[in-house]
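Enquirer: Listed here are the chains, written in short residue letters.
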Amino acid sequence: MSAFLAALRISRRDAWRAKGRSALIMVMVGLPVLVITGLLTFAATEDLTPQERLTSEIGAADARLRTTSNRGKLHQNFQGKCCPSDNGPPSTRPWTAAELAELLGPGARLLPMNDGTVDFRSPVMRDRVDAHELDLRDPLAAGTYHLVEGRFPVSDQEIAVTPGMLGKGARLGAPLAITREERPLRVVGVIEHPHRTKSQEIIGLPGTLLFDKRDGSGSGWLADTAEPVTWAVVQRLNAVGLLVQSRAVVENPPSPAETGVTYGSSFTVDRTVQIALAAIMILLEVVLLAGPAFAVGLRRRRRELALIAAQGGSPGHLQMIVLADGVVLGGGAAVIGLVLGVGLASLSAVLEAGRLIGGVGPLEIPWGLVVTVALIGAGSGLIAALVPAVQAARQDVVAVLGGRASAVRDRAGLPVLGLILLLAGIVAAVFAIRIAYVWVLAAALLAQLGLVALAPRLVKVAARAAARLPLPFRLAARDASRHRGRTACAVAAVMTAVTAVAAAGMASNSRFAERRDAFQGTLPAGTTTIEADRLDDAGWAGLRAAVERKLPGVPLIEGAQVLDAKNVAVYMHLQTVHGNGAGSSLDFFGDPPIGDERLLALVQGRRDPVAAAALASGKAVVFHPRLVRDGRLSMRLTPQGGVSTAVREITVPAVVARAADPRYAVGVVPTAAIHAAGLKTRPHDLYIDPASYRLTPQQAMGLEWDLGAGIADFRVYVREGFQRDNTVMMWLLLAAALVLVLGGTFAATGLAAADIRPDLTTMAAVGAPPGTRRLVVAGQAGFIAGLGVLIGTPAGLLTGTAALVPGVGLKRLTVEVPWLFLAEVVIGLPVLAALVAGAFTRTKVTLTRRTG
Amino acid sequence: MSFDPVVRLAGVSRVHGDGPQAVAALREVSLDVAAGELVAVMGPSGSGKSTLLNLAGGLDRPTSGEVVVEGRPLSGLSAGDLAGLRRRHVGYVFQDLNLIPSLTAAENVMLPRELDGVRMGQARREAMAALEEVGLAEVAGRFPEEISGGQRQRVAIARALVGERRLILADEPTGALDTPTGDDVLQLLRARCDAGAAALLVTHEPRYAGWADRVVFLRDGAIADSTLPLESAR
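Protein chains in written order, with the working numbering: chain A, 169 to 1020; chain B, 10 to 243.
Derived from the structure by calculation, the hints contain no laboratory data.
Yeah, the Cβ is synthetic: ideal placement off N, Cα and C, and Gly gets one too.
The reader is advised that the hints may include incorrect statements.
What the hints assert, rightly or not - Computed Cβ-Cβ distance ranges for the label pairs, DEER-style: (1) 570/A with 31/B: 33 to 43 angstroms; (2) 570/A with 27/B: 16 to 26 angstroms; (3) 54/B with 642/A: 28 to 38 angstroms.
Unchecked claim - Which residues of chain B face chain A? A few of them, derived with a C-beta cut under 7 angstroms, are: (4) 69; (5) 70; (6) 72; (7) 95; (8) 121; (9) 124; (10) 129.
My request is simple: use the sequences and hints to build the entire structure.
Expert: This is the structure in structure tokens:
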């Protein structure tokens, strides 16, 4: 024990003496601990428990009651959330206070509290936001909202808004136009939700905002009861279709056996493996990043360790002293990281920094998790010191004391073990692609460990290949090879980071490509659609006339909806003909438009007289050959809102034509073909060709608002087409690669540059210009980053591709290599690393005392 | 003066490399150093002086012959046993860079005892005693870079003698010192030997060899001569 204490003392003092190196290691170990513990604490603070949310949801009440669309028995969990239920008669009228009082027992007081959404128009915009009807002055509502400015509403002409609404043009003291009728209600107060500080909400007295809750569905009450609302009372209320959020029940939840509502655990095997893999990858990366610093530290301390050996230090003692470095630096960094991470997160909770993301909660430190993270951090320091410790135990004391330089030869790694792990990983991945992607990643990690073990050998091979390079680069490569302990660690760190980033980039890009390729629109992007349900002929004519008034001169193209014999609207799903070779993975979603040749021209994107003639003759025109077999198009009909058993299939005559953009065109069906199949049609859509008039989504909302007064059940929207974008993800990955590759490279290059200083001084003495010395250091950085990137990129591409297979299978696998991203990583990062390292090299010659 | 040798080298040879590249650093050297005896080893560069010292303390192993320390033959000992032997019986003093820069003088002296598992308080008491014996109790709390070169060597001698150790293997301990300071160090070594320690001193300065009871001359790895020192050299 005293020997270990002595080792700790030596490490502590040595860490203080070599401040730069110690700081480097502490940052590498401590920063991830700081970031992860900080995020965990921040997340736990923002993530509210049902108990923490209770007051904001039910105020000072004993319970909150919510109505549902049915009046039959339902099941809820202890928080008052429901599982869907179709039991009982539908709710058609509001509950009366007497009915509820009877259910809650004598002495109960009820305060209405309704939730919904409302449209508004401010001087700057029109929008739809959450709205609540609640008398905030009532003591039962205490704790639901804080008054920030002004006062609570007292009449049906007044409302209060949250600060988020101020950004949408609401002003204290000014009227705000509410609903499509634009009823002006005066904003008399600004109120804030205790946890959702960025929410956009409007609150008024009951009966002022929400007019769609009159059938008794979606409304509710806060209840003040004489006795606590127990689980038995909750069940009694559930029996008549009411959901209950009871203070007594939430504070002392019944067991899942009592509630009868169980949830699948989110802690599955796959998820556990995923978390374990992420932890191992972070651990591996930290160990590899810190490894060179320990390796260099060992070389600088060889004389010291030899002296200890001379005084009777056994190989075990030397090993312990180097491991103590890991304990001191890793443990110290972990403790500092933990304290700073938890401290900063606590400070942010005190200062309500959650406001920045709109979520404020009471401070909660997940001690189990944060301490585990800190222990893993401390462990990474210890593991990083392991290889130098073993080397320390093996060093030739006599040679070191005699001043003969390279007393410990850097070994060529563990090439046999590396090869075995690499092959085992590849074989495991081949099996894993049939199971689940997490196992592919686990296999990839095994192979990655193999590559790490092979890294010293790869450094040696690469340095040999650099024999024909110009002097500075050759010298850099030789130096890298001579100090393989340091170089291999840094190369492995870069390689591991690049493997992870390239795998994520490959998987993300391919999945994006898969979604993009599978996207199939039925109308061109930018088409404005005005869609109306349940309008009779007069209503339709009125809508059409109103649109023509609002958009004079804009051609409107009519589309129809299919009705079955009972006048029930039906969905039409196109049936793809499989088995004739094409083998594409297209899925056709959405109904094909039904209409005339003008609609055909819109969908087809060009004039096609032959197709127009076919449509006029009652044939459907489709743009994908796989939809047509024997001249007919097959469609499956499902009644809207009905049960899926009432499905029938029809076929209509069809021809295949060519669309200008097949991604936004499936086909057009003439009404005559629908009628011939024994079905009816009615006008349902008005389309505006983007070529003739294009609206923005905002303008579409404005049009809906303008048309809205007096016409119910219609929508105006713009078909936006395929909107997803992968750019942000790829930039994030590139940023991660930049930080890790440059971080790992610079840490190792800094150490290497310090080591090679005597050689550079010699070069200067024999006349090498400063530029050459710069090039040597640039070469050192380029060698580390370049080799790491060259090995890591193919490994990552293979991993990313293999990880996609379990989801879709080999046959339907879409692979799209992110070439630009790869070029940035493979060429850009090493060049950048070399340029930056070269630019920051000290070219001043310092006279070095040479020993040995 | 006892005649029971603290260290005995019997027909010790050390050959580096093999085949045509083989270099004999030491050939058939036999030498005894008894308690209370200070033996100086002299010879030109490459004559095998340092090799002799390395073999005597078990840092290196002879190709043939036997080294016996405190009556214990080293040939059968493992690396761990040899380290243990050095902790308990042998102290090295080198030319310079003897002390661990990150430890104070006292902590440097404590080191072999602590490595041996002695509790810190006990190790510190022993270290303070050893420092007092070399007259350096006042620098106990200072770091090596805060004391003079001569003081550093005296601390190293204190460390070499801490606990039960009584064999000092000193390799040019005065090489980096000026003459008066070197004299002080030799005087201290002499005093420790007079108090019962055994010392093997490698030096190329006849002036310092004058302090020895016996001078052994090495040439090409073999003992060329063994004499009493010249009184005038002292």
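Enquirer: Indicate, hint by hint, whether the structure satisfies it.
Expert: Now for the hints, and whether the structure bears them out:
Judged by the Cβ atoms, the range 33 to 43 angstroms given for residue 570/A and residue 31/B is violated: they are separated by roughly 18 angstroms. In this structure the hint that residue 570/A and residue 27/B lie 16 to 26 angstroms apart at CB holds, the actual value being about 19 angstroms. Take residue 54/B and residue 642/A: their Cβ atoms lie about 35 angstroms apart, and the range 28 to 38 angstroms holds. Annotation: residue 69/B was flagged as interfacial toward chain A, and the flag holds, the nearest CB pair being 5 angstroms apart, inside 7 angstroms.
For the restraint placing residue 70/B at the interface with chain A, the shortest Cβ-Cβ distance is roughly 10 angstroms, beyond the 7 angstroms limit, so the hint is violated. For residue 72/B, the suggested interface contact is broken, since its CB lies about 14 angstroms from the closest CB of chain A, more than 7 angstroms. Satisfaction of the interface hint for residue 95/B is found here, the shortest Cβ-Cβ separation to chain A being roughly 4 angstroms, below the 7 angstroms cut-off. Because the closest C-beta pair between residue 121/B and chain A is about 5 angstroms apart, less than 7 angstroms, the hint holds.
Residue-level restraint check for residue 124/B holds (minimum Cβ-Cβ distance to chain A is 5 angstroms; threshold 7 angstroms). Evaluation of the residue 129/B hint against chain A yields a held restraint, the C-beta minimum of about 5 angstroms falling below 7 angstroms.
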